[in-house]
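Protein chains: 2
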Amino acid sequence: MTQSTTFSNPPSGGRRERKAEQTRRRILEAAKKQMAQGGPESITIQVVTEGADIGQGTFYNYFKSRDDLVDAVIVDVVENLGRRLDAMTHGMADAAEIYSFSLRHLMHTAVSDPVWGWFMVRLGIAQEGLLNALGPRASRDIQIGIDSGRFDIEDVKLASAMTFGSLLAVMHDYLDTDRKEDPSSAYAESLLRMVGITPAEAKEIANRPLPILPELPQSELL
Amino acid sequence: MTQSTTFSNPPSGGRRERKAEQTRRRILEAAKKQMAQGGPESITIQVVTEGADIGQGTFYNYFKSRDDLVDAVIVDVVENLGRRLDAMTHGMADAAEIYSFSLRHLMHTAVSDPVWGWFMVRLGIAQEGLLNALGPRASRDIQIGIDSGRFDIEDVKLASAMTFGSLLAVMHDYLDTDRKEDPSSAYAESLLRMVGITPAEAKEIANRPLPILPELPQSELL
Numbered sequence: 001m002t003q004s005t006t007f008s009n010p011p012s013g014g015r016r017e018r019k020a021e022q023t024r025r026r027i028l029e030a031a032k033k034q035m036a037q038g039g040p041e042s043i044t045i046q047v048v049t050e051g052a053d054i055g056q057g058t059f060y061n062y063f064k065s066r067d068d069l070v071d072a073v074i075v076d077v078v079e080n081l082g083r084r085l086d087a088m089t090h091g092m093a094d095a096a097e098i099y100s101f102s103l104r105h106l107m108h109t110a111v112s113d114p115v116w117g118w119f120m121v122r123l124g125i126a127q128e129g130l131l132n133a134l135g136p137r138a139s140r141d142i143q144i145g146i147d148s149g150r151f152d153i154e155d156v157k158l159a160s161a162m163t164f165g166s167l168l169a170v171m172h173d174y175l176d177t178d179r180k181e182d183p184s185s186a187y188a189e190s191l192l193r194m195v196g197i198t199p200a201e202a203k204e205i206a207n208r209p210l211p212i213l214p215e216l217p218q219s220e221l222l
Numbered sequence: 223m224t225q226s227t228t229f230s231n232p233p234s235g236g237r238r239e240r241k242a243e244q245t246r247r248r249i250l251e252a253a254k255k256q257m258a259q260g261g262p263e264s265i266t267i268q269v270v271t272e273g274a275d276i277g278q279g280t281f282y283n284y285f286k287s288r289d290d291l292v293d294a295v296i297v298d299v300v301e302n303l304g305r306r307l308d309a310m311t312h313g314m315a316d317a318a319e320i321y322s323f324s325l326r327h328l329m330h331t332a333v334s335d336p337v338w339g340w341f342m343v344r345l346g347i348a349q350e351g352l353l354n355a356l357g358p359r360a361s362r363d364i365q366i367g368i369d370s371g372r373f374d375i376e377d378v379k380l381a382s383a384m385t386f387g388s389l390l391a392v393m394h395d396y397l398d399t400d401r402k403e404d405p406s407s408a409y410a411e412s413l414l415r416m417v418g419i420t421p422a423e424a425k426e427i428a429n430r431p432l433p434i435l436p437e438l439p440q441s442e443l444l
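Residue numbers (our numbering), protein chains in the order written: chain A, 1 to 222; chain B, 223 to 444.
Only chain A is shown next, with the shape it has when bound in the complex (with noise of 0.2 Å):
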């Protein structure tokens, strides 16, 4: 249902139900904010619901937990990143530049927005939410580039973990030091390699101009 039917044709409880949506999406962008600034350990019930100026037995209402809460976090924020990728490749025919203009996009946005970038750090490669919806996503990517015939490789698995890994502590170097240049086109070219692209077209391929990142009909936000 997309909000245009919704205030038009308001559905019966509708109001509440926007209320509620409104409500827990408080929570979430809270929940985000403290995150970003202290890392997913500082993430209390208590300062959630400061921050979002609400008492802690509505909180319950919303989520069962304060894990159930980071959770969903993790699955707002990255899930709707990767949609937005599916959103971009979808249509795309070359293997080797949809691995590329992912991963570029991934590295791009952390080194752009800081706070989504020390996010991602900070969930580090062992955050189950973070690898549920990233790693399909890139081992369907390198499946496609393998029954292509682009990409030469042996393990999908293996190469989907060091995909992973690789973005996250590129990103850490980033925002940890004072790296001035993008390293996305670089990080692409490198992966590229990897999975079997000569030298000189990963390249070549990790430099083509990068489609923009499509917003997503509301309609199919989380």
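Honestly, the hints are just simulated from the structure, not real lab data. This structure is a prediction, so every number in the text was calculated from the model and none was measured. Take these hints with a grain of salt, some might be off.
Claimed, not checked - The calculated lysine-lysine pairs, modelled on DSS-like cross-linking and capped at a C-alpha distance of 30 Å, are:
#  : chain 1 : residue 1 : chain 2 : residue 2
1  : B       : 425       : B       : 402
2  : A       : 203       : B       : 379
3  : A       : 19        : A       : 64
4  : B       : 379       : A       : 157
5  : B       : 286       : B       : 254
6  : A       : 157       : B       : 402
7  : B       : 425       : A       : 203
8  : B       : 255       : B       : 286
9  : A       : 64        : A       : 33
10 : B       : 255       : B       : 402
11 : A       : 157       : B       : 425
12 : A       : 180       : A       : 203
13 : B       : 255       : B       : 241
14 : B       : 286       : B       : 241
15 : A       : 19        : A       : 33
16 : A       : 180       : B       : 379
17 : B       : 402       : B       : 254
18 : B       : 379       : B       : 425
Place chain B on chain A using the hints.
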């Protein structure tokens, strides 16, 4: 000073010094055990002093704080491994072989000893002690490859970060799933491709017989 000279010719106060070193090691071992079980966050001074069977007052004779202890654990474990890698590769001529052997041993140590592997994975990509022990060594080995014309890359820091991040992510993937095959050679092969070695040669180098990691003499242990 080696252990044997210590025993045959104890210096003035030698007995007390040995006792102090034994107590420090007991604290470190208790902390390592706790870190392996519950991750770095689970280390508290209370847990460690109970594990080492000492009083909290005694603890502060050896470490300034809880964080000081955690840093010491990391230095102890990772720096000793780094020194053993240095001893192994000392005198080797080919940068690609040095890089490959070191990466394989790092990975192999983690997958053959899950306690050590989880320890590394839990510390994560942003852990300074880990970065300080492994980062400069990776950068050094990559720089040797560039200077000798063996590696074809432009950004040592990027390659070093990707080496480190993918190391931890592959460790995590191995430890967290039911993978049975040691990923050490496949991991090294991927990174050799990344630094510009052709896929055929990368496979060959990454599957050469792996030299044994030498033990350090007592005098060089931390």
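For this structure, which hints from the list above don't hold up? Violated hints: none at all, because every hint is consistent with the structure.
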